[in-house]
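Participant: In the order they appear, the protein sequences are chains A and B. The opening residue of the first sequence carries number 1 in my numbering; numbering runs sequentially from there. The opening residue of the second sequence carries number 1 in my numbering; numbering runs sequentially from there.
Calculated from the structure, these hints are not laboratory results.
Identical copies look the same in the list; a pair holds intra-copy or inter-copy alike.
Heads up, simulated BS3-like pairs for lysine-lysine below, C-alpha to C-alpha not over 27 Å straight-line:
hint, residue 1, residue 2
1, K345, K322
2, K149, K175
3, K121, K201
4, K113, K412
5, K6, K175
6, K201, K113
7, K113, K391
8, K412, K271
2 protein chains.
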Amino acid sequence: MSNRTKTYMLITLGEELLLGLTRNGHLTYIGNQLRQRGITLHSNYTISDDNQDIDQQFAFCWERSDVLITTGGLGPTVDDRTKEAIADALGESLVFDESILESMEERFRQIGKPMSDNNRKQAYRPQSAIALENPNGTAPGLWLEKSGKILIMLPGPPNELQPMFENQVVPRLEKLGLIDQGESYLQIRSIGIGESALETKLQPLFDQHEQLAVAYCAHQGQVDCRISFPDSTGREKRLHQIGEECRRLLGADFLGYGHDSLPEIVLNSLKYHNVSLALAESFTGGQIANAITDIPGASSVFNGSIVCYSDEVKINVLGVPKEIIRKNTAVSEPVAEAMALGAAKRLNSDYAISATGYAGPNRGTEETPLGTVFLGLHSAGGTEVHRYRWKIGRLGIKRRALYTALDLLRRKLVGNK
Amino acid sequence: MSNRTKTYMLITLGEELLLGLTRNGHLTYIGNQLRQRGITLHSNYTISDDNQDIDQQFAFCWERSDVLITTGGLGPTVDDRTKEAIADALGESLVFDESILESMEERFRQIGKPMSDNNRKQAYRPQSAIALENPNGTAPGLWLEKSGKILIMLPGPPNELQPMFENQVVPRLEKLGLIDQGESYLQIRSIGIGESALETKLQPLFDQHEQLAVAYCAHQGQVDCRISFPDSTGREKRLHQIGEECRRLLGADFLGYGHDSLPEIVLNSLKYHNVSLALAESFTGGQIANAITDIPGASSVFNGSIVCYSDEVKINVLGVPKEIIRKNTAVSEPVAEAMALGAAKRLNSDYAISATGYAGPNRGTEETPLGTVFLGLHSAGGTEVHRYRWKIGRLGIKRRALYTALDLLRRKLVGNK
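Excised from the complex, chain A in its bound form (with noise of 0.2 Å):
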């Protein structure tokens, strides 16, 4: 219980996520891997490193933290100077630490490079902290204790602070009771009901149970719902029947407990109905192949999927055949049919989703506009095909399919068993 009253902030600098050239991913992957050991992340500050708004943000999360992470700013490079203004604001002062150079000496003889001169920086340190390893870059990593809280400084590539958060911060929290095993919430996943339908559906039972807290959260056509009570010991049984309850109200609208994603229900249910896949994507451009085979072990059902960007490939790769292209254009039913039952024969397999449409820049023509999709579905029990149009841009339109026809495969599993 006492982890809960512990506040842990997240500041992450970088002026490049302010501009909008790259992701904050480090705030969903330390958030992710915090909720796994049952924190919740207070807050997220992202500010740039060149200003003396450092200096300020980091005074104001400092007071009301407990645990403060920092990610970026500890390169090598002119404009990295987080340490010294972290240094200034708690009061301690950066000293030269022989051993993080010789670990950086020792990491560049390794990778065969010869050290910058700007690299010596890296090897400052507050006087109070100790350094965490980076195994994968030059930079290490920080860890300061001092009046009863916690500084965790973190290098800004991921490749380099996420093996040191999992190898280093965690063992270290664990040891001080920060952090503790599992989650203490239930999540329903929904896909194919609105937020609102969901509440209204869901809502009456939720109001049954005193104290019971409800969040929920709308993303890519699904709407999660977390349920807790406020002490979880000894509730996890009284969320699970209130989830099966749930489930039952959503039907087939259900799509699972805990965090799997989409892609990831879909393989295990091929793989518990042991039956394989293939793929036939036009406009989708592989992207349904590429989300699939994120998943380890998707090679166990999943064949692989025949990219056709051209006609040409649809009839020479798919045994699409020329006269239904010709008659029907390329992005049709009688297209999406034959590329489904195209995939599915020349990649031997079960099943097979076939993708055609127009996302853009290509406007269509007057009886399929931009927007118009057709997803295929081949099975045992024949290929049907369906039509959708979303105005919704080129890179929404291919995420939407992406979804849309892993659901209808997964319903039709569903309906499978």
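Take the given structure of chain A and dock chain B to it, following the hints.
Facilitator: The following block gives chain B in isolation, referenced to the frame of chain A:
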């Protein structure tokens, strides 16, 4: 110049961001939109929407900003109560707006769904605010001018927020003279050279120019370097001259000026040389094709990709000789070579890239352990294969292969001139 002194702040609301369940895409989008119009977003605050932090954070930002943007918290569910908190903080009362209700009712008629009672609360607005229409959702945005400051409240879903920002917020800010066109700095993108090596190479040149501001930003094997003068008037030409010197110093590591991504640069280069591209993707699983087809107009040079997640597909669709796989395993130089050749032939293309490797969980063999990657590049001059080993996890390996493969092709095309 006066815009430069205006402070823009962004508050992104939502526990799902702090829990790492959703990426903070609003920061990337809004930061990018403002940057393109000469504004650097000062800071971004991500806080939860279910506690008193809204009041505190809002008051903090309202005091320090000229333009304050908030996202999220306008939805119909019980946990969305941003408007109440902000109206309180501004000393405004919430009024029920019949015309908002009418637009919402019209919207529900259009999509043919009944309006829930809980949608009604979306029709309330602070008394001095005007509604920003939301053709893609139910919650209107809000625009409020008070005490010489501007508050802009936007809905959370990206497909609602983005058109609202571009069609309604930007024109209003332009009218008030708060944003301008074009950028006033020069960005130089490099690839294949580390951050400190880049600084060592370029900094002596930069040091010759008084008042020149320099910022480095590393991401995905690339390092961007932004240079600017404090007063941009009439300095564009000098910035460009400095850029040209950087280009000469960097040679083939010079990627381009501005914000074009590596996939865009490669596509433009293919178009410039009027040549076509095909892919054969094993462990990258369609990621390279997906990145290419994210770019509008890709179809003029990109024919497609064979995502071959099984040996069978490599053999049957790409025509890789069975014997080569049996003798060398699927992760080998000869197979990468045969895949690239097969893709070029089957998809009738001038260039072809192939990718085969062990990204995990398959740990590979003693000779080709986990993390080993072969990238093939076929061109008129023949087929070359490059071998790598990366210890950066499944998704890291997929992503690095994407950028490495595109850069191999880019360098080949540059040499082709």
